[in-house]
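Turn these sequences into a full structure, and let the hints steer you where they fit.
Read in order, the letters of the sequence shown correspond to residues 0 to 120 in numbering that gives the first Met the number 0.
Each hint should be verified, as a subset may be incorrect.
List time: in silico SDA-like cross-link candidates among lysine to any residue, alpha-carbon distance up to 20 Å [claimed, not checked]:
| hint | residue 1 | residue 2 |
| --- | --- | --- |
| 1 | LYS35 | GLY114 |
| 2 | LYS46 | LEU25 |
| 3 | LYS46 | LEU119 |
| 4 | LYS74 | LEU91 |
| 5 | LYS42 | SER116 |
| 6 | LYS42 | ILE28 |
| 7 | LYS46 | VAL33 |
| 8 | LYS42 | LEU119 |
| 9 | LYS42 | LEU117 |
| 10 | LYS74 | TYR88 |
| 11 | LYS35 | ARG45 |
| 12 | LYS42 | GLY30 |
| 13 | LYS46 | ALA20 |
| 14 | LYS35 | ARG118 |
| 15 | LYS35 | SER116 |
| 16 | LYS74 | ARG92 |
| 17 | LYS46 | LEU31 |
| 18 | LYS74 | SER94 |
Have a look at the derived ranges for each label pair, beta carbon to beta carbon [claimed, not checked]:
| hint | residue 1 | residue 2 | range |
| --- | --- | --- | --- |
| 19 | TYR49 | ILE76 | 38 to 46 Å |
| 20 | LYS74 | TYR49 | 31 to 39 Å |
| 21 | ALA21 | ALA75 | 18 to 26 Å |
These are computed hints drawn from the structure, not numbers from a lab. Quick reminder that beta carbons are idealized off the backbone N, C-alpha and C, glycines included.
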Amino acid sequence: MFEHLDTHGFMFMGAMTLIFAAMLVLSVINGLPVFKAEWELTKASRKIHYIRDLGLLALVVGVLGQLNILYGAFKAIEAAGDITPGLVYEALRTSLTTTMYGAIIYITSFLIWLGLSLRLR
Numbered sequence: 000m001f002e003h004l005d006t007h008g009f010m011f012m013g014a015m016t017l018i019f020a021a022m023l024v025l026s027v028i029n030g031l032p033v034f035k036a037e038w039e040l041t042k043a044s045r046k047i048h049y050i051r052d053l054g055l056l057a058l059v060v061g062v063l064g065q066l067n068i069l070y071g072a073f074k075a076i077e078a079a080g081d082i083t084p085g086l087v088y089e090a091l092r093t094s095l096t097t098t099m100y101g102a103i104i105y106i107t108s109f110l111i112w113l114g115l116s117l118r119l120r
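Have a look at this one:
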């Protein structure tokens, strides 16, 4: 993971890692009372939605990171002039990493949210 932080920019990968950590902390803080049945239904339901929202934020940051990387790659391709198709493929592959990381975080947050919301019912 740390090599991706360098390759794909600390700004986007680092932000998504912080969002992922915050989502996990929020899941534990809001999930334990749900399993202990200590919260009322409306309050707990409202609080666990933040877990899914943080995952969606990570997905959006991933897409923005992909667009940023593609923009930089296309500027470099334009400046270089004649390039090989392999260079274009490598730029596309590299740019997809941030989106995939954001999607993994979103899927994780969605599954945690789904488990907690089913437990509330």
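A quick look at each hint next to the structure:
Restraint check for LYS35 and GLY114: the C-alpha separation of about 14 Å stays at or below 20 Å, so the hint holds. Distance restraint check for LYS46 and LEU25: the Cα-Cα separation of roughly 9 Å lies within the 20 Å cut-off, and the hinted pair is therefore satisfied. As the CA atoms of LYS46 and LEU119 are separated by approximately 12 Å, the hinted pair is consistent with the 20 Å bound. Restraint check: the Cα-Cα separation between LYS74 and LEU91 comes to about 13 Å, which is no more than 20 Å; the hinted pair holds.
Annotation: proposed proximity of LYS42 to SER116 holds, straight-line Cα distance about 12 Å (limit 20 Å). Of the pairs offered as hints, the one joining LYS42 and ILE28 holds, with about 14 Å between alpha carbons and a cut-off of 20 Å not exceeded. In summary, the hint linking LYS46 to VAL33 is supported, as the alpha carbons are separated by about 10 Å, within the 20 Å threshold. Only pairs whose Cα atoms come within 20 Å are accepted, and LYS42 paired with LEU119 is accepted, the gap being roughly 11 Å.
Using a Cα cut-off of 20 Å, the hinted pair LYS42 and LEU117 holds, with the two alpha carbons roughly 15 Å apart. This hinted pair checks out: LYS74 and TYR88 have alpha carbons roughly 15 Å apart, not beyond 20 Å. For a cut-off of 20 Å, the pair hint linking LYS35 to ARG45 stands: about 17 Å separates their Cα positions. Taken as a hint, the LYS42 and GLY30 pair is honoured in the structure, with Cα atoms around 12 Å apart against an allowance of 20 Å.
With a C-alpha separation of about 17 Å, the suggested pair LYS46 and ALA20 falls inside the 20 Å cut-off, and the hint holds. The straight-line distance between the Cα atoms of LYS35 and ARG118 is roughly 10 Å, inside the 20 Å bound, and the hint therefore holds. For the proposed pair LYS35 and SER116, the alpha carbon gap of about 14 Å is at most 20 Å, so the pair holds. Straight-line distance between C-alpha atoms of LYS74 and ARG92 comes to about 16 Å, which keeps the hinted pair within the 20 Å bound.
Only pairs whose Cα atoms come within 20 Å are accepted, and LYS46 paired with LEU31 is accepted, the gap being roughly 12 Å. For the proposed pair LYS74 and SER94, the alpha carbon gap of about 14 Å is at most 20 Å, so the pair holds. Between TYR49 and ILE76, the C-beta spacing of about 40 Å keeps the proposed range 38 to 46 Å intact. The hint said 31 to 39 Å for the Cβ distance between LYS74 and TYR49, and at roughly 37 Å that hint holds.
Checked against the given bound of 18 to 26 Å, the beta carbons of ALA21 and ALA75, roughly 33 Å apart, lie outside it.
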